[in-house]
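Asker: So the protein lines, in turn, are chains A and B. So for the first sequence, this note's numbering puts the first residue at 77; every next one is plus one. So for the second sequence, this note's numbering puts the first residue at 12; every next one is plus one.
Honestly, the hints are just simulated from the structure, not real lab data. Quick caveat, the model's predicted, so the values are computed rather than measured. Built from N, CA and C at the ideal position, the CB exists for glycine as well. Watch out, some of these pointers could steer you wrong.
As the list claims (entries may be wrong) - Taking lysine to any residue and the SDA-like style, the derived pairs with C-alpha atoms no more than 20 Å apart in a straight line are:
hint : chain 1 : residue 1 : chain 2 : residue 2
1    : A       : Lys489    : B       : Ile54
2    : A       : Lys489    : B       : Lys59
3    : A       : Lys345    : B       : Pro58
4    : A       : Lys292    : B       : Pro58
5    : B       : Lys59     : A       : Trp338
6    : A       : Lys265    : A       : Phe205
7    : B       : Lys59     : A       : Lys370
8    : B       : Lys59     : A       : Lys465
9    : B       : Lys59     : A       : Phe205
10   : B       : Lys59     : A       : Lys292
11   : B       : Lys59     : A       : Asp513
12   : A       : Lys345    : A       : Gly328
13   : A       : Lys465    : A       : Ala425
14   : B       : Lys66     : A       : Thr268
15   : A       : Lys265    : B       : Gly97
16   : A       : Lys292    : B       : Ser102
17   : A       : Lys489    : B       : Pro109
18   : A       : Lys489    : B       : Gly186
19   : A       : Lys489    : B       : Leu42
20   : A       : Lys370    : A       : Thr268
Stated by the list, open to error - Among chain B residues calculated to face chain A with C-beta under 10 Å, some are:
hint : residue
21   : His41
22   : Pro44
23   : Asn71
24   : Arg137
25   : Asn216
26   : Ala315
Claimed, not checked - Label pairs and their in silico Cβ distance ranges:
hint : chain 1 : residue 1 : chain 2 : residue 2 : range
27   : B       : Phe184    : A       : Val118    : 30 to 40 Å
28   : A       : Ser448    : B       : Asn307    : 27 to 37 Å
29   : B       : Ala182    : A       : Tyr241    : 51 to 61 Å
30   : A       : Tyr284    : B       : Phe184    : 13 to 23 Å
31   : A       : Lys532    : B       : Leu74     : 36 to 46 Å
32   : B       : Gly183    : A       : Lys191    : 48 to 58 Å
33   : A       : Gln269    : B       : Phe86     : 46 to 56 Å
34   : A       : Lys191    : B       : Val26     : 39 to 49 Å
35   : B       : Leu25     : A       : Tyr284    : 28 to 38 Å
36   : B       : Ala182    : A       : Ser441    : 25 to 35 Å
37   : B       : Val26     : A       : Lys472    : 41 to 51 Å
38   : B       : Ser102    : A       : Gly264    : 18 to 28 Å
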Amino acid sequence: MKHKTTTAITLIAVSALMALAGCGGSSGSGSGGSTASSGTPVKGGDLVIARTADSQSMNNTTVFDNESIWVFEQIFQTLYTVTPNGKGVQPELATSYKVSADKKTYTFTLRSGVKFSTGQPMTSADVKFSLDQSRAAAKGWGYIDTAIKSVAAPTPSTVVVNLKYPWAPLLADLSLFSNGIVPANYGGKTETQFYNAPVGTGPFKWDYWHKGSALKLVANPNYWVKGEPYLNSVTWTDVPSDNTRELQLKGGQAQIDEFPAWSTVSSLKTTPNVTMNLFNSTRTDYLAFNETSKPFQDVHVRRAISLAINRAALVKAVLFGNGKPANSVFPPQVPYYQAATQGLQYNLAEAKAEMAKSSVPKGFSTTILVSSGFSDDLTIATVLQSELKPLGINLKIQQLDPNTANTNQQNLKYDMTLTYWTMDIPDPDELATFAVDPNSGARSFFTAYDNPTVVKDTHDAEQTLATSARQDLYNTIQSDAAADAFMAFLYYSPYAYATTSNVHGFYVTPLGNYHLENVWMSK
Amino acid sequence: MGRTGFVVQRLLLLVPVAVGVTIIVFFMVHLIPGDPAATILGIHATPKAIALLHKQWGLNRPLVSQYWLFIDRLFHGNLGQSLYYGGPVSSLIWSHLPPTLWLLAYAVVLTVLISVPLAVLAASKRDGVRDHVVRAVPLVGLGMPQFWLGFLLIYGFAISLRIFPVSGYGAGFTGHLQSMFLPGLTVAFALTPVVIRSLRASMINVLQAEYIVTARSKGVPPHRLFLRHVLRNAVIPAVTVLAINIGFLIGATVIIEQVFAIPGIGQLMIDSIFQRDFPVVQGVTLVFGVMVVLVNLLADLAYAALDPRVRFDR
């Protein structure tokens, strides 16, 4: 069977995005909406986003932190990009593709008329160079492209991707920012020089970066979508204090406050001239058990703890009600998420029964590792302390500075700890591999969880192209992982962004990306 | 020994101080558990990626040889490369230094502008009502946590009255003057009570000196008496107090910079500690150490300028 997508889909997708941008309507504070978008977009305006931390680097092939990713996504674009609902892909720099009968050769047609911000046209040579660089990034995102055998550029407008084996997540992988298109040979610069002032095909181009202070992009006059972007410039300022970001918003110094504290969300909803947005996200918070530490290798202990956690109460205490209890290792915004997976929900009687079956029926003493300075994590730990008491579990909270906590977690030097994941691609493969395969990625989220059946299903799903067969595999993975309780799935939380009410069209996908070419500011 | 010799001697003393600071900081930073690769890779930290980063940064070498490399580079004027950003540490520090210097200078100027008149007011009528008021009220500033005071000032002057920007460093000289006023004032509030107390006490002492009695009997007018004779002689202990407190303040700027979102070296220090960006932590601490030494040197030079009897013997 051959797949073919056309530019028509692009148009549908773009109009869907615009419709979505408009659906925030009157309130703008609803979950999953975007900022109010009444009226016709006007040109101009300098947007300031007050954010929690600085970027690290603009090298899209090696950087993992979101504060870098959200910036260079305005500069670099990919062949395919994530749909607004975060569950699929739509064409961006490519317009269509064809796949061979053996599912191992993908031929992409590139969009015509696309230029870099320097004015130079984008060709297949640029695409080949970009994908080759990304694939080779051993310290970075290279693993995402492991299925790719080679990339060829037979004509200036055609790119051929040859795979080692049929690979279901290919388009999702190509939509990842690490596969963003840069000029071939970095436009004659060295890699370091290039990423100090990156060049791409996106709506904004580089202006300056004062490290630890502010980063500014300006509108790209060569952007291939006529009339966009609306804004003259976007500046991200580094404002680590929650209070100061909120004050900057109220004082008109910033137009977007990234991640206001949960405790302030309800008051921001009623603050004049401020729109409080809660966008659906793929963030899932987990309680991780270290299976190399006794007694967590015992499935009954893990199940007992999972069953003793009142997730609805956690959502109330930590998120002030702005979230949902989790039932699966996957969040609802991920394709193949199974709502029917019950997971282990709060049931104290069952928890006690599990505990009775365990190697420590009378309970035990243990610790929970928490990063200092994260009040949400401390709240969760304190709630858990009281919730695990009825099982005879004496929980001690161990607070360490974030870096030490992180290192101890990665070295499996903990009993229990808190962790979370947000999706990078609109496909569950990356999450599943990191979460359950102890040999690839991060030792099953640093829990040492190893269930050979789940691992096998995960890799089978990568090479299963039929949607229903893939769904079956992911259903099994989700229910097996829940039954094994290798982590307790705690809750799903939205992305909180407060904006001034003159900001329109600001929308964050469940993967956390935002497209600032759709944003405009009324006078 | 003349002034130049004194300055040269003190500047030479900077070298052992700086080396001492580097030894303490280098080994303390490496004693804290934690790994910069853990920050950069996060949950994507595979053992392979961690090993690659360690090799790239030279963190797989013995600690002593890492220190030696650091010192060797330092004597060539190179503070190394930031692990987090990848660029040279010196340019990071250079770009973060001006806001901190602005903050310190602004705070000192405001402190002097507030405390000198108040101290004169208090000392001119010892144990009177205004003396008690001047001694008691500024203590509130000392007792209040600085971050809280900072937020109060923002609410009052930036959100309600909209006279000053909420936070940030501003652009251009007038921009800085405007943006840095509230942070400078916050720091000054903590400094003034200490300076007022010491200045008032020494002024009361000076007022009882025989040369003041003589001056009075010669009919020197009161304002001239206070400015030329009392203040000038009384100010030396206050300068010492101010200098010592600026030393402490350099540490306190960390909090003020956080509250007012000022991109200074205090902020850089905090970020780099959390990221375990060892070269930056070492570089910033070195700068802090040098700053404390220089402030004390300036205080010593100020004595001589204020009192010709001070000689640079020791």
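Asker: Evaluate each hint against the coordinates.
Answerer: Hints, one by one, checked against the model:
For the given pair, Lys489 of chain A sits about 15 Å from Ile54 of chain B by alpha-carbon distance, which is consistent with the 20 Å threshold. Between Lys489 of chain A and Lys59 of chain B, the direct Cα distance comes to roughly 19 Å. Compliance with the 20 Å bound is thereby established for this hinted pair. Between Lys345 of chain A and Pro58 of chain B, the direct Cα distance comes to roughly 44 Å. Violation of the 20 Å bound is thereby established for this hinted pair. A threshold of 20 Å between alpha carbons decides the hint, and for Lys292 of chain A with Pro58 of chain B the separation of about 35 Å lies outside it, so the pair is violated.
Of the pairs offered as hints, the one joining Lys59 of chain B and Trp338 of chain A is violated, with about 37 Å between alpha carbons and a cut-off of 20 Å exceeded. Taking the CA atoms of Lys265 of chain A and Phe205 of chain A, the gap is near 14 Å; set against the 20 Å cutoff, the hint holds. Taking the CA atoms of Lys59 of chain B and Lys370 of chain A, the gap is near 27 Å; set against the 20 Å cutoff, the hint is violated. For the suggested pair Lys59 of chain B and Lys465 of chain A, the alpha carbons sit about 40 Å apart, so the restraint of at most 20 Å is broken.
Pair hint Lys59 of chain B plus Phe205 of chain A does not hold up; C-alpha atoms about 25 Å apart against a cutoff of 20 Å. Restraint check for Lys59 of chain B and Lys292 of chain A: the C-alpha separation of about 34 Å exceeds 20 Å, so the hint is violated. For the hint pairing Lys59 of chain B with Asp513 of chain A, the CA-to-CA distance comes to about 16 Å; that is within 20 Å, so the pair holds. Proximity of Lys345 of chain A to Gly328 of chain A is assessed by CA-CA distance (about 17 Å); at most 20 Å being required, the pair is judged to hold.
Taking the CA atoms of Lys465 of chain A and Ala425 of chain A, the gap is about 13 Å. The hint holds against a cut of 20 Å. As the CA atoms of Lys66 of chain B and Thr268 of chain A are separated by approximately 18 Å, the hinted pair is consistent with the 20 Å bound. For the hint linking Lys265 of chain A to Gly97 of chain B, the alpha-carbon distance of about 17 Å falls within 20 Å, and the restraint holds. Taking the CA atoms of Lys292 of chain A and Ser102 of chain B, the gap is near 19 Å; set against the 20 Å cutoff, the hint holds.
Of the supplied pair hints, the one linking Lys489 of chain A and Pro109 of chain B is violated, its CA atoms being roughly 42 Å apart against a limit of 20 Å. Annotation: proposed proximity of Lys489 of chain A to Gly186 of chain B is violated, straight-line Cα distance about 49 Å (limit 20 Å). Using a Cα cut-off of 20 Å, the hinted pair Lys489 of chain A and Leu42 of chain B holds, with the two alpha carbons roughly 17 Å apart. For the proposed pair Lys370 of chain A and Thr268 of chain A, the alpha carbon gap of about 46 Å is over 20 Å, so the pair is violated.
A distance limit of 10 Å between C-beta atoms decides the matter here; for His41 of chain B the minimum to chain A is near 13 Å, and the interface restraint is violated. Given hint, Pro44 of chain B at the interface with chain A, holds; its Cβ is 4 Å from that chain's nearest Cβ, closer than 10 Å. Contact between Asn71 of chain B and chain A, as hinted, is not supported at the beta carbon level, the nearest pair being about 14 Å apart and thus beyond 10 Å. The interface hint given for Arg137 of chain B is broken, as the beta carbon of that residue sits about 43 Å from the closest beta carbon of chain A, more than 10 Å.
The criterion of a C-beta within 10 Å of any C-beta in chain A is not met by Asn216 of chain B, whose closest approach is roughly 44 Å, and the hint is violated. With a least beta-carbon distance of about 38 Å to chain A, the hint placing Ala315 of chain B at the interface is violated under the 10 Å criterion. Here the CB-CB span from Phe184 of chain B to Val118 of chain A is close to 33 Å, well matched to the stated 30 to 40 Å. Under the hint 27 to 37 Å, the C-beta atoms of Ser448 of chain A and Asn307 of chain B, about 34 Å apart, fit the expected range.
In this structure the supplied range 51 to 61 Å holds for Ala182 of chain B paired with Tyr241 of chain A, their Cβ-Cβ distance being about 55 Å. Look at Tyr284 of chain A against Phe184 of chain B: about 20 Å separates their beta carbons, and that is inside 13 to 23 Å. Lys532 of chain A and Leu74 of chain B have their C-beta atoms about 44 Å apart, which keeps the hinted 36 to 46 Å range intact. Gly183 of chain B and Lys191 of chain A have their C-beta atoms about 35 Å apart, which leaves the hinted 48 to 58 Å range violated.
Distance hint check for Gln269 of chain A and Phe86 of chain B: the Cβ-Cβ separation is about 28 Å, which falls outside the suggested range of 46 to 56 Å. Taking 39 to 49 Å as the suggested C-beta distance range, the pair Lys191 of chain A and Val26 of chain B does not conform, at roughly 55 Å. Range check, Leu25 of chain B to Tyr284 of chain A: about 34 Å between beta-carbon atoms, so the 28 to 38 Å window is met. Judged by the Cβ atoms, the range 25 to 35 Å given for Ala182 of chain B and Ser441 of chain A is violated: they are separated by roughly 56 Å.
Restraint check, Val26 of chain B to Lys472 of chain A: a C-beta distance of roughly 47 Å satisfies the suggested window 41 to 51 Å. Range check, Ser102 of chain B to Gly264 of chain A: about 24 Å between beta-carbon atoms, so the 18 to 28 Å window is met.
Against the hints set out earlier in the document, violations occur for numbers 3, 4, 5, 7, 8, 9, 10, 17, 18, 20, 21, 23, 24, 25, 26, 32, 33, 34 and 36.
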